[in-house]
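In order, the protein sequences belong to chains D and A.
In terms of the UniProt record's numbering, the first sequence opens at residue 1 and continues consecutively.
In terms of the UniProt record's numbering, the second sequence opens at residue 1 and continues consecutively.
Just so you know, these hints were derived from the structure itself, not from any lab.
There's no promise every hint is true.
[What the hints assert, rightly or not] So, partial list: chain A residues that the calculated Cβ filter (under 8 Å) puts toward chain D:
1. W3
2. K156
3. W159
4. L176
5. R179
6. M181
7. S193
8. W245
9. T248
10. L251
Small disclaimer: the values here were computed from a predicted structure and weren't measured.
For every residue, glycine included, the Cβ atom is placed at its ideal position computed from N, Cα and C.
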Amino acid sequence: SSHEHKLNFKKSKEACLNYIQDAMLQKQWKRAAEFLTFYVESLEKDYSREPIGPSEMIWRIGSEILCHHSHSSMKEFNCFMEQMKTLGVKRYLKVCLEHVFHLLCNGQIDEAYQSLSLAESWRFGEQTAVQDKEMKLIQAYRGLLDYYSWSKQKNILLEHGVDGCADLSVEQEMHSCFRKAAVNLKEIIKIPGVWDLFVKCYVDLLEFYGDHNEACQVLNEYAYNSKFPANPNAHVYLYQFLKRQGESKKSLISALKILHDIVPSHELMIDFNTMLQKSKKRKKRRLGLEVIFAALDYAGWKENVKAWSCLARQLKQIVISEKHLDWIKQEWNSRKDWWPAFHFSRYLAKRNWQENQSLSYEKALVAGILLGKDCKYFKYVSHQGCKAQVKRFRMLKKFVNKHNPVYLRISG
Amino acid sequence: QSWPVYEEVYNKMLELAAFLDLPRFPDITDSCFLHPDMLCIKYLMEANLPDELHNWTCRVVKKIGIGEVDFLTLVPGNKSTRKVKYDILAAAVIVVVLKLLFLLDDHYEWLLSDFAEERNKNNKEGGLYFEFKKWYEVVKRSLDVEQKKLDEERAKYLWRCEKPLFYSVKNKSKVLKRRQMVVNLQNQFGKLSGSVQRAEKPNPSSFQLSWSEENTDGSCFHGHSLKGILQEKCGLLTAMNPDYWLCTVKLCNEKLCGHLAHYREVDFPQSYHFVLRLFSFLLRIQPSYIHDEVCMIEHKLFNKKLYKKLKYNTVLRK
Numbered sequence: 001s002s003h004e005h006k007l008n009f010k011k012s013k014e015a016c017l018n019y020i021q022d023a024m025l026q027k028q029w030k031r032a033a034e035f036l037t038f039y040v041e042s043l044e045k046d047y048s049r050e051p052i053g054p055s056e057m058i059w060r061i062g063s064e065i066l067c068h069h070s071h072s073s074m075k076e077f078n079c080f081m082e083q084m085k086t087l088g089v090k091r092y093l094k095v096c097l098e099h100v101f102h103l104l105c106n107g108q109i110d111e112a113y114q115s116l117s118l119a120e121s122w123r124f125g126e127q128t129a130v131q132d133k134e135m136k137l138i139q140a141y142r143g144l145l146d147y148y149s150w151s152k153q154k155n156i157l158l159e160h161g162v163d164g165c166a167d168l169s170v171e172q173e174m175h176s177c178f179r180k181a182a183v184n185l186k187e188i189i190k191i192p193g194v195w196d197l198f199v200k201c202y203v204d205l206l207e208f209y210g211d212h213n214e215a216c217q218v219l220n221e222y223a224y225n226s227k228f229p230a231n232p233n234a235h236v237y238l239y240q241f242l243k244r245q246g247e248s249k250k251s252l253i254s255a256l257k258i259l260h261d262i263v264p265s266h267e268l269m270i271d272f273n274t275m276l277q278k279s280k281k282r283k284k285r286r287l288g289l290e291v292i293f294a295a296l297d298y299a300g301w302k303e304n305v306k307a308w309s310c311l312a313r314q315l316k317q318i319v320i321s322e323k324h325l326d327w328i329k330q331e332w333n334s335r336k337d338w339w340p341a342f343h344f345s346r347y348l349a350k351r352n353w354q355e356n357q358s359l360s361y362e363k364a365l366v367a368g369i370l371l372g373k374d375c376k377y378f379k380y381v382s383h384q385g386c387k388a389q390v391k392r393f394r395m396l397k398k399f400v401n402k403h404n405p406v407y408l409r410i411s412g
Numbered sequence: 001q002s003w004p005v006y007e008e009v010y011n012k013m014l015e016l017a018a019f020l021d022l023p024r025f026p027d028i029t030d031s032c033f034l035h036p037d038m039l040c041i042k043y044l045m046e047a048n049l050p051d052e053l054h055n056w057t058c059r060v061v062k063k064i065g066i067g068e069v070d071f072l073t074l075v076p077g078n079k080s081t082r083k084v085k086y087d088i089l090a091a092a093v094i095v096v097v098l099k100l101l102f103l104l105d106d107h108y109e110w111l112l113s114d115f116a117e118e119r120n121k122n123n124k125e126g127g128l129y130f131e132f133k134k135w136y137e138v139v140k141r142s143l144d145v146e147q148k149k150l151d152e153e154r155a156k157y158l159w160r161c162e163k164p165l166f167y168s169v170k171n172k173s174k175v176l177k178r179r180q181m182v183v184n185l186q187n188q189f190g191k192l193s194g195s196v197q198r199a200e201k202p203n204p205s206s207f208q209l210s211w212s213e214e215n216t217d218g219s220c221f222h223g224h225s226l227k228g229i230l231q232e233k234c235g236l237l238t239a240m241n242p243d244y245w246l247c248t249v250k251l252c253n254e255k256l257c258g259h260l261a262h263y264r265e266v267d268f269p270q271s272y273h274f275v276l277r278l279f280s281f282l283l284r285i286q287p288s289y290i291h292d293e294v295c296m297i298e299h300k301l302f303n304k305k306l307y308k309k310l311k312y313n314t315v316l317r318k
């Protein structure tokens, strides 16, 4: 005889959990809380064979409910978290971290700092070594909060600095925050990972105190160390730093080259193209053309006047010089099947003309060069422009008509 | 930890009675509460079925002899007689009667209901004719609501004992701390439950579903007449339904496999399953137990026909 339907503890609690889950998914926090009260007694049972035990369930579910429930307060949340910390020593630091995140989200910076300091001083036999990663994170976040304090004090000093009555104690505190922050931030960014915010803050500190070498080294590590995951932001930070330091175009270009490879649609591609166009080296100019074409492959750039004007400028320059037409041919080859419909349809011609004359001007120039004077985009826009008696459109029409043979050579 | 199932308790009861060498229990006569005729009244009421069905249940009980004193009375230690499960028996009788009158093949009962509905339109007698369809809708709705409540109750069931148990002195403080934490958490989240203190149950009653004729919404079927589905033949009212289908052609050996038949929901019509589900909810047991009793009753009822292999209708659904 089957006793599978027998009501037993395990099934009853599983059913209870299902009700909690359903209630949470439907954002019925009162109902979820109600069922949770019936679930908590599972803490008194042994679940050592299960992968996730009731203490973890209760921690996670309870946090969610307290986060969203309309009647719950920070005080209650804090009280709950303190209880959760005592529940599982293996999870102690994780719970501390989550608690800190929640405090930060609620603007309780000081409480978060205290919590972090407390957690940092926690020792529990071999658990301390096992939870090493969480400990590093805790130290890193404390470093971040130290940076934040430093930043506030720096601003105070800068404001009052003109008066000359710079408060010595504030300055000393600021330096002490710097030291504390620097130590912890430096540690965390050694570990392969994505530490954008920490890196930025650390570099900011280093730059302020004039340690540019260290900053450069940190940024290079972050961008080029293969152990770290590929991160476009790392290259952006490096580029911005180099720019601030007034480094040579050569180093700026090499910083952006990788960014182009990873994220061809990045907003810095305009700066990149601008630098490359002006270069004396042929290879760089060639790369510039590649970069700007690649950026315009992306829908997000369709209406970006600056991007189109970069492309237009470079194409115009090539056409006038009559050198390197093969560059245009190479780039256009893989695009001639889909760019006309993507960028140069009659519908877009109308829309661009109505919404943004400059955009339509630049695009018309590009279309005229790539597709010839008879393409619908160019025809529509130049006609409208001439009708409206805008001078540059008349110039545009003349230019394209004059260089129409070039189009024939490109498209052939 | 778990709640024992009905069958476990029942078997232990029999074992205990035999072990204690108890003598024959007091006779169960037709004026006893445990007699099928009496229990049928109770369950017909609770299932919101017409009182008139009681005539039919009594007829079935009489015909197959399950109202006899010797059949019903418990004699511990007597292994040869099949022990009677009174409530399940009564419920099964009702199910058989429903099958007799309505066939319950997912087809005929609805036709019959439409027919009764027609007759109700021209009904000038004052009392309504029973319509299966209306009954089904009303009862199903209530059953679903109560079932849902029951499921939630089960999920909310608290298992712990008043005083925490611990097995060694070392454990004591840990166990007590845990208990304290559980109590704290219960209080904390209890406050967030928004609650509704459950209103005191009005009277303790063994009826889980109750239907009142005072309700004007027509949801009580006790007083309805079966005339809508009966016909007159030779001055007697008989069922219009000429057919019957047996739940199983052959009974299993209960001593070997524990059941007389094996119930699978997919093998039977949905109306039949619904009726089993209704009584299984009321009795808090699995439908298969009721199904067993239904098979037993059917085999007694159609005994002659079965074993003489005369012409009979067996319609077994896939």
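Verification of the hints:
At about 4 Å, the closest approach between the beta carbon of A/W3 and any beta carbon in chain D falls short of 8 Å, and the interface hint on this residue holds. Interface restraint check: A/K156 against chain D, minimum CB-CB distance 4 Å, threshold 8 Å, status holds. Satisfaction of the interface hint for A/W159 is found here, the shortest Cβ-Cβ separation to chain D being roughly 5 Å, below the 8 Å cut-off. The interface hint given for A/L176 is broken, as the beta carbon of that residue sits about 11 Å from the closest beta carbon of chain D, more than 8 Å.
With a cut of 8 Å, the hint placing A/R179 at the interface with chain D holds, because the nearest CB-to-CB distance is about 7 Å. Here the hint on A/M181 is kept, as its CB sits about 6 Å from the closest CB of chain D, short of 8 Å. Taken as an interface hint, A/S193 checks out: its beta carbon lies about 4 Å from the nearest beta carbon of chain D, inside 8 Å. Because the closest C-beta pair between A/W245 and chain D is about 25 Å apart, greater than 8 Å, the hint is violated.
Annotation: interface hint on A/T248 violated; nearest CB of chain D at approximately 17 Å, more than 8 Å. Look at A/L251: its Cβ only gets to about 16 Å from chain D, farther than 8 Å, so that hint breaks.
When each numbered hint is compared with the structure, violations occur for hints 4, 8, 9, 10.
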